[in-house]
Amino acid sequence: MNDVILLEKKDSHAIITLNASQSGNAYNEKMAAALWQVVQDVRWDDKVKAILMRSNGSLFSGGGDLRAFQRGSDQQRLPALVEDLSATLNATVIAMRGMEKIFISLIEGVCAGFGIGLALAADLTLVTENARFVAGYIGIGAVPDGGSSFAVLRALGLPRALDFFLTNGVIEGPQAAEMGLVSRLVSAESAEQEAMNLLDKICQGPSSALTRTKKVLIQGVSRSFSEYIEAERQGIIASAAGGELREGVAAFLEKRPPRF
Amino acid sequence: MNDVILLEKKDSHAIITLNASQSGNAYNEKMAAALWQVVQDVRWDDKVKAILMRSNGSLFSGGGDLRAFQRGSDQQRLPALVEDLSATLNATVIAMRGMEKIFISLIEGVCAGFGIGLALAADLTLVTENARFVAGYIGIGAVPDGGSSFAVLRALGLPRALDFFLTNGVIEGPQAAEMGLVSRLVSAESAEQEAMNLLDKICQGPSSALTRTKKVLIQGVSRSFSEYIEAERQGIIASAAGGELREGVAAFLEKRPPRF
Amino acid sequence: MNDVILLEKKDSHAIITLNASQSGNAYNEKMAAALWQVVQDVRWDDKVKAILMRSNGSLFSGGGDLRAFQRGSDQQRLPALVEDLSATLNATVIAMRGMEKIFISLIEGVCAGFGIGLALAADLTLVTENARFVAGYIGIGAVPDGGSSFAVLRALGLPRALDFFLTNGVIEGPQAAEMGLVSRLVSAESAEQEAMNLLDKICQGPSSALTRTKKVLIQGVSRSFSEYIEAERQGIIASAAGGELREGVAAFLEKRPPRF
Numbered sequence: 001m002n003d004v005i006l007l008e009k010k011d012s013h014a015i016i017t018l019n020a021s022q023s024g025n026a027y028n029e030k031m032a033a034a035l036w037q038v039v040q041d042v043r044w045d046d047k048v049k050a051i052l053m054r055s056n057g058s059l060f061s062g063g064g065d066l067r068a069f070q071r072g073s074d075q076q077r078l079p080a081l082v083e084d085l086s087a088t089l090n091a092t093v094i095a096m097r098g099m100e101k102i103f104i105s106l107i108e109g110v111c112a113g114f115g116i117g118l119a120l121a122a123d124l125t126l127v128t129e130n131a132r133f134v135a136g137y138i139g140i141g142a143v144p145d146g147g148s149s150f151a152v153l154r155a156l157g158l159p160r161a162l163d164f165f166l167t168n169g170v171i172e173g174p175q176a177a178e179m180g181l182v183s184r185l186v187s188a189e190s191a192e193q194e195a196m197n198l199l200d201k202i203c204q205g206p207s208s209a210l211t212r213t214k215k216v217l218i219q220g221v222s223r224s225f226s227e228y229i230e231a232e233r234q235g236i237i238a239s240a241a242g243g244e245l246r247e248g249v250a251a252f253l254e255k256r257p258p259r260f
Numbered sequence: 261m262n263d264v265i266l267l268e269k270k271d272s273h274a275i276i277t278l279n280a281s282q283s284g285n286a287y288n289e290k291m292a293a294a295l296w297q298v299v300q301d302v303r304w305d306d307k308v309k310a311i312l313m314r315s316n317g318s319l320f321s322g323g324g325d326l327r328a329f330q331r332g333s334d335q336q337r338l339p340a341l342v343e344d345l346s347a348t349l350n351a352t353v354i355a356m357r358g359m360e361k362i363f364i365s366l367i368e369g370v371c372a373g374f375g376i377g378l379a380l381a382a383d384l385t386l387v388t389e390n391a392r393f394v395a396g397y398i399g400i401g402a403v404p405d406g407g408s409s410f411a412v413l414r415a416l417g418l419p420r421a422l423d424f425f426l427t428n429g430v431i432e433g434p435q436a437a438e439m440g441l442v443s444r445l446v447s448a449e450s451a452e453q454e455a456m457n458l459l460d461k462i463c464q465g466p467s468s469a470l471t472r473t474k475k476v477l478i479q480g481v482s483r484s485f486s487e488y489i490e491a492e493r494q495g496i497i498a499s500a501a502g503g504e505l506r507e508g509v510a511a512f513l514e515k516r517p518p519r520f
Numbered sequence: 521m522n523d524v525i526l527l528e529k530k531d532s533h534a535i536i537t538l539n540a541s542q543s544g545n546a547y548n549e550k551m552a553a554a555l556w557q558v559v560q561d562v563r564w565d566d567k568v569k570a571i572l573m574r575s576n577g578s579l580f581s582g583g584g585d586l587r588a589f590q591r592g593s594d595q596q597r598l599p600a601l602v603e604d605l606s607a608t609l610n611a612t613v614i615a616m617r618g619m620e621k622i623f624i625s626l627i628e629g630v631c632a633g634f635g636i637g638l639a640l641a642a643d644l645t646l647v648t649e650n651a652r653f654v655a656g657y658i659g660i661g662a663v664p665d666g667g668s669s670f671a672v673l674r675a676l677g678l679p680r681a682l683d684f685f686l687t688n689g690v691i692e693g694p695q696a697a698e699m700g701l702v703s704r705l706v707s708a709e710s711a712e713q714e715a716m717n718l719l720d721k722i723c724q725g726p727s728s729a730l731t732r733t734k735k736v737l738i739q740g741v742s743r744s745f746s747e748y749i750e751a752e753r754q755g756i757i758a759s760a761a762g763g764e765l766r767e768g769v770a771a772f773l774e775k776r777p778p779r780f
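Protein chains in written order, with my numbering: chain R, 1 to 260; chain S, 261 to 520; chain B, 521 to 780.
These are computed hints drawn from the structure, not numbers from a lab.
Just so it is clear, the structure is predicted and the values come from calculations on it, not from any experiment.
Just so it is clear, CB atoms sit at the ideal spot from N, CA and C, and this is done for glycine as well.
Any given hint might turn out to be false.
For the chain R half of the interface with chain S, some residues (derived, Cβ under 8 Å), not all of them [what the hints assert, rightly or not]:
#	residue
1	V4
2	Q75
3	D123
4	L210
5	K255
Distance condition first, Cα-Cα at most 35 Å in a straight line; then the derived DSBU-like pairs of lysine-lysine [unchecked claim]:
#	chain 1	residue 1	chain 2	residue 2
6	B	K529	B	K550
7	R	K215	B	K735
8	R	K30	B	K775
9	B	K550	S	K515
10	R	K255	S	K290
11	B	K735	R	K30
Here are a few chain R residues that sit away from chain B, every Cβ distance over 12 Å (derived from the structure) [stated by the list, open to error]:
#	residue
12	D74
13	A80
14	D145
15	D163
16	S190
17	G242
18	F252
19	E254
The shape of chain R in the complex, shown without the other chains:
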């Protein structure tokens, strides 16, 4: 592995730590490649059931690496750099949304630009009172990338999402939780512990049902009602066929914890 992003695995979970706070956890080709590598690693490791993504230090991510953009600009290759970098970043968030594991993110400070897309590509998102979502794009003449505007649009609706991106807005952690942009607000003191507890809880759950549920909801954001409920139905039939529902029902009726 490398030093800008750390990867730790234990039992059935993995922890990804964004570790380039000196350079703002900003995405240039090196950081993007490192992120892609750890995301692929956890994605295809059959032992990993759940992943936590967090940062060392409170800064989650400052977004794109503007010094790298400046160098690209000096070399007359800014569009090529952006085309390349965005291919990697998009592949990364697609892998996060599509992987058959539950992804949790913990945001304890500033999360700007692509940082928003990355943080909100997780299935469960925890913020502290110090979290701060900063649109940033319009200020530098850019358009949202990496799914950041998808996440905001689908959670907050068009009026708030347009305002946020067109006027270079800021949303604080508590407000993000209040509006449903993230799953939960946790206190800064206990944030790491709560994230670990959630990770443990997910690891003890029924893996197949969890990932089927994730898939139904994520793929369902643009489905019609009838398409949606047929996908739900195939999910619960698979749960019944695969044994998790059988064990879950037996445990419930025997008043014991299930062994998934």
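Since the structure of chain R is already known, use the hints to place chains S and B on it.
Just chains S and B now, with coordinates in the frame of chain R:
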């Protein structure tokens, strides 16, 4: 009719009462068949303009009948049972969402698993302070069914919907109203009266405009803007052609109540 | 131009003022044609970067002109009138949502029926505490038109949107902001000034990035995740190719305001 679900009709409305509180208004093949029967009955009865679904006792529904699932499991036919049951339940919520009548639900207590899909397939949903939406699925190794995750996803957005289902969440009535998961919070004391008043108000309204409006919105959840507004447009043209708009406009200008 | 709707242009902005408050800023063929004309005018004027739509007097719009509907009804041509009028109104909101300029609306009073569709077809929507969204349609036997139910449905979700339109609801300005139906609540005293400040801010911004961002979000309301993020990506690549990103990055690193 039968005893597990009651159906009453009066003037232009119908009242469906879930009446198997001893067995938790839980869905097995018998209960699902009874529900399907009453929903079809009201759907094709031309005299019925609006329907209220409520429960005897505060429990709206405990979800799937886990004892029936256990029997299915003992007989090595759990997947077949789930495939069969979910076909009936999906057909039921499709009929509710698609019928040219206005459906109202009143939730006065626990509403778990499929109960959520059923309650929220109504066009207007009233909850009391005692209502309690319980995801339940992950606890028994299951995936959401019957449109329950569709309703939660489209009302609350991906971050909250994923949290609710992946962590086996609970949403209380007042919170459900606050977040827009349901239409309205009513007080437990006056809930039945308020539901009846709403039923009466709907029955006095313009039937065709009401059902066209319902259809435009429900079918529109996955439409693009241009598809959506053309469907709206065909709706208002039909209102003008059918006479309801003519009567509504005349009544308004003559300062008298319309006779739809 | 004409007197029912005023159009003023200055530097790179335009102000559209609904000026038929005596007749309730209500839409008949004349008013619809005037609106269409000013919207087309600003749409194709290359000098205009941003538009503010407001009303003279607090009434934003009473919706359709019911006296015109009555005359149409007397002449046995109500459906033809509605078909014609709605074609113009739909073309207008499609032009607003699609134009490569940022549209701002300011609602300082009643906004009923089609008025909702018009007000909420803007990219940024400001309301004062005196704003009041009135569904109106069901009361006159009509179905929502001009995108009014699209805007409410996508911002508030199905439970609240169905309740609003089926029960002829009212939403006050502060509640509209609270629920995310509009972008912002501004105080009645400073509303015009805040709208002008926002207009100026938009005019100083990066035009191409602003309109690409608008397009990604608006077209994205019904896109799947993978379609969406590829559209985002093409947007940011275009920003890099077009020079705005280059200037934005340089200005940021040189700690000076960007010159877009």
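So which hints don't hold here, by number, going up?
Hints 1, 2, 5, 12, 13, 14 and 15 not satisfied by this model.
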